[in-house]
Amino acid sequence: MKYWRFCEARESMRRTESGELCDGNAELMRKTAGGDFEAFECLYRRFGPALRYFLAKWGLSAESRAELVQNIFADLWEKRAHFRAASSFETYLFAIARNTLGKEMRRARAAAETGRKDHPEHSGQSYNGLAEPEAEFYLKELQGAIEQAKGKLTDRQRQALNAANAVDIPLDEALEQLGCSRGAFNTRLRRARKRMREILAPFLDHDSDSDRT
Numbered sequence: 001m002k003y004w005r006f007c008e009a010r011e012s013m014r015r016t017e018s019g020e021l022c023d024g025n026a027e028l029m030r031k032t033a034g035g036d037f038e039a040f041e042c043l044y045r046r047f048g049p050a051l052r053y054f055l056a057k058w059g060l061s062a063e064s065r066a067e068l069v070q071n072i073f074a075d076l077w078e079k080r081a082h083f084r085a086a087s088s089f090e091t092y093l094f095a096i097a098r099n100t101l102g103k104e105m106r107r108a109r110a111a112a113e114t115g116r117k118d119h120p121e122h123s124g125q126s127y128n129g130l131a132e133p134e135a136e137f138y139l140k141e142l143q144g145a146i147e148q149a150k151g152k153l154t155d156r157q158r159q160a161l162n163a164a165n166a167v168d169i170p171l172d173e174a175l176e177q178l179g180c181s182r183g184a185f186n187t188r189l190r191r192a193r194k195r196m197r198e199i200l201a202p203f204l205d206h207d208s209d210s211d212r213t
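Quick note: the sequence shown uses our numbering, first residue 1, plus one each step.
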């Protein structure tokens, strides 16, 4: 099996030594729970963009979105030891995200109330009032859309994106398997990420220019 096909298959599902199928994200989280920071960084690369897109639905500023994603993953790292091996990583991440967003909602509401009292002519909100159950549903829907969007990339773009997410394979080895230079790889990766943003644009209510990497 060629390297890029191997990455695609491994990205969504992995197999344990006993032959039992396990979720790739859950496996990375189990490694993270053991203190593996590279596995944690891989989860950040996989889910950070989805969370930033998701936060755009709340009407948060680009700076606030970036800060909240950092806070969500900081909480994830702090609570890594509480992850249960049989749990879904997505469910665990959503729970932490909900708690973080709940704190932000309460803070934003308090600030808005204070602002209305001090300046009754202004009634702006820092988010659009999306309820928490809707928020979780949207994030799951968006993650599915991201996987579908990957299927619309060219083979080379998808290979580059998968290689960038392959935390346990050195980049030099990936480049050798892909048969391209570092410069060509970076170009493919940049185009892949740009195309992903274009495909996922319908999920946003406004431009998400801060999500460029």
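These are calculated hints, taken from the structure and not from any lab test. None of the values given here were measured: they were computed from a predicted structure. The reader is advised that the hints may include incorrect statements.
What follows is a set of in silico ranges between Cβ atoms, one per label pair, in the way DEER data are often shown [to be verified]:
(1) E78 to I169: 26 to 34 Å
(2) G102 to E63: 34 to 42 Å
(3) K79 to D172: 30 to 38 Å
(4) T154 to R45: 14 to 22 Å
(5) E176 to A201: 29 to 37 Å
(6) P170 to T114: 25 to 33 Å
(7) R191 to E41: 21 to 29 Å
(8) A66 to E198: 16 to 24 Å
Simulated crosslink set (DSS-like; lysine-lysine; CA at most 27 Å straight-line) [what the hints assert, rightly or not]:
(9) K103 to K79
(10) K79 to K31
(11) K194 to K152
(12) K31 to K150
(13) K194 to K150
Beta carbons are placed, not taken as given, at the ideal position from N, Cα and C, and that holds for glycine.
Hints versus structure:
1. E78 to I169: 26 to 34 Å: This hint holds: roughly 28 Å between Cβ atoms.
2. G102 to E63: 34 to 42 Å: Violated, since G102 and E63 (Cβ atoms, about 20 Å apart) do not stay within the stated range.
3. K79 to D172: 30 to 38 Å: holds (34 Å)
4. T154 to R45: 14 to 22 Å: holds (20 Å)
5. E176 to A201: 29 to 37 Å: Hint holds: Cβ distance 35 Å, inside 29 to 37 Å.
6. P170 to T114: 25 to 33 Å: Cβ of P170 to Cβ of T114: about 52 Å, so the range 25 to 33 Å is violated.
7. R191 to E41: 21 to 29 Å: Given about 23 Å between the Cβ atoms, the range holds.
8. A66 to E198: 16 to 24 Å: holds (21 Å)
9. K103 to K79: holds (17 Å)
10. K79 to K31: holds (13 Å)
11. K194 to K152: holds (12 Å)
12. K31 to K150: Status holds; Cα separation ~25 Å.
13. K194 to K150: holds (12 Å)
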